[in-house]
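Engineer: Given these sequences and hints, build the entire structure.
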Amino acid sequence: MLKKGKRLLALLLVVVFAGSLLLSGCAKKSQPAPQAGAGEQKAKFKIAALLPGPINDGGWNASAYDGIQKAGKELGAEVAYRESVPQSDFEEAFRAYASQGYNVIIGHGFQFGDAAKKVAKEFPKTTFLITDSKISQDPNVGSYSVLAKQAGFLGGALAALMTKTNKVACVGGLSIPPVTDTIEGFKKGVKYVNPKVEALTAITGSFEDVAKAKETARAFIEQGADIMMHNADQAGLGVIQAAQEKKILAIGVIKDQSGIAPDTVFVSAYRNIADGIVYMIKLVQQGQFKAQFYPLGVKQGVVGLYWNDKLKDKVPPEVKTKIDQIIKDLKDGKIDIDKLPE
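Converting from the sequence shown to the numbering used here requires adding 29 to each position, the first position being numbered 1.
Check the hints yourself; a few may be wrong.
[What the hints assert, rightly or not] DSS-like cross-link-like pairs, simulated, lysine-lysine; straight-line CA separation at most 25 Å: (1) Lys-220 - Lys-319; (2) Lys-225 - Lys-349; (3) Lys-196 - Lys-220; (4) Lys-196 - Lys-225; (5) Lys-75 - Lys-193; (6) Lys-75 - Lys-311; (7) Lys-193 - Lys-319; (8) Lys-150 - Lys-319; (9) Lys-311 - Lys-193.
Derived by calculation from the structure, the hints in this document are not laboratory data.
Structural biologist: And the structure:
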């Protein structure tokens, strides 16, 4: 009996010891997860862009690429992009980036608007920005435009000041707002400076057909145009080539395009889309963004002229003085392009 009692006591001690281990293990599992310490790095701000064309187009899409890269560097943000996105993939592309926790997604073109408004309802914490549109949707869809009409106006005014034949021309790609606004601004700029100058304009229907844009430019040159401008993305290279071959001057657009033809492009009427993107993303990051349309132009420093130093002798001092005054008047609100006749 004594031996049996000892064995029973030993068995009881084993059971108690095992139970204490089990309880100890359960207690460890039920402890809350450790909280991030004050010194741990905060999650990175994330920016994505959907582009309708390739980033090597030298214009529209290249500028958006430059913009998100600049924003990433200045704001310490993570950036991503998808180029040449077909319209059938807009929603899927927005949804993919939003699902990955991107803070801002840019649809680089008015055509992205409907898809953004639809997907934005599913991701209220993500901000959707649409370029060259005026749409908005509370609480997280807004739009902005680096004003093409102002850039066109400056190009038209300068062309009218520089022409010797009293004929100038502007060739557009697709019939979409940034292109039609450029052409409207060009016409109004020409008339504002000299109503006697004829502004020849056309839209070719393509951003990729360089040959067609070149053919259109040649036709205008044959009609007497001696200053050429464009807003046709890749196709605009054909306009510059036509001017180069005929040894007349050309006006670049969006970016500084003097590098394309240093002896031909004497100035570029820029729309600094890169800085416009940085401006908008800063609004979001700083909590100042509202679901509305933001017009960005000369006043914000994102529209103006890049001069080609190599051809500065081609521009008479009085022309430079006049165009500087026009830029100042636009900045001060003394010129309202929308109220001017074409």
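Engineer: Keeping to a limit of 25 Å between CA atoms, is the pair of Lys-150 and Lys-319 held or broken?
Structural biologist: holds, 16 Å
Engineer: Given the hinted pair Lys-75 and Lys-193, is their alpha-carbon gap at most 25 Å?
Structural biologist: Not OK: Lys-75 and Lys-193 at ~51 Å, beyond 25 Å, violated.
Engineer: Check whether the Cα positions of Lys-196 and Lys-220 lie no farther apart than 25 Å.
Structural biologist: This hinted pair holds, its Cα atoms lying about 12 Å apart.
Engineer: Holds or violated: Lys-220 and Lys-319, Cα atoms, limit 25 Å.
Structural biologist: violated, 37 Å
Engineer: Regarding the pair Lys-75 and Lys-311, is the alpha-carbon distance no greater than 25 Å?
Structural biologist: holds, 12 Å
Engineer: Decide if the proposed pair is consistent with the structure: Lys-193 and Lys-319, CA atoms, cutoff 25 Å inclusive.
Structural biologist: The hint is violated at about 48 Å.
Engineer: When you check the alpha-carbon spacing of Lys-311 and Lys-193, does it fall within 25 Å?
Structural biologist: Distance of about 45 Å is beyond 25 Å: violated.
Engineer: Is Lys-196 close enough to Lys-225, meaning Cα to Cα at most 25 Å?
Structural biologist: holds, 9 Å
Engineer: Does the structure keep Lys-225 and Lys-349 at a Cα separation of 25 Å or less?
Structural biologist: holds, 20 Å
In summary, the numbered hints that this structure violates are 1, 5, 7, 9.
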